[in-house]
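Colleague: All chains should be built: construct the whole structure from the sequences, respecting the hints.
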Amino acid sequence: MAERPVYRTGKDRFGNIVALAGEFGTVSHADAISDIEHGVEVYFVPFDGGGGAAIQVADGQFGKYLRANWDGQQRNNLVDLPDA
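Throughout the sequence shown, residue numbering follows this note's numbering, covering 1 to 84 in sequence.
Don't read these hints as lab results, they were simulated from the structure.
You may find that some hints are simply not true.
[Claimed, not checked] Here are the computed lysine to any residue pairs in the SDA-like style, where the Cα-Cα straight-line distance is at most 20 Å:
1. K11 x F44
2. K64 x V18
3. K11 x N77
4. K11 x H38
5. K64 x Q74
6. K11 x I33
7. K11 x Q61
[What the hints assert, rightly or not] Using C-beta positions, here's what the derived DEER-type ranges look like:
8. V57 x D80: 30 to 40 Å
9. V79 x D59: 17 to 27 Å
10. K11 x Q61: 25 to 35 Å
11. G39 x R13: 24 to 34 Å
12. G50 x R13: 14 to 24 Å
13. R13 x N77: 32 to 42 Å
Cβ atoms here follow ideal geometry from the backbone N, Cα and C, with glycine treated the same way.
Modeller: Now the structure itself:
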């Protein structure tokens, strides 16, 4: 299982996360969900000085989606990353 640091996200016109991007390239949200659920890859948002926030799969009203939370709020912090 490889660890993949994520620095940018692809978003659709509604702000939904549709892709993750890093030095590994870009992966669709469907592929990232599959990777996480099958234990193939670990995606995370690295912090300056070490550590990071794991990207998780969540179940929503319209199906599965990717999320990370590093500030203790209810919102999905992945939307704060720059666009890919």
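Colleague: Against which earlier hints does the structure fall short, listed by number upward?
Modeller: 4, 8, 10, 12, 13
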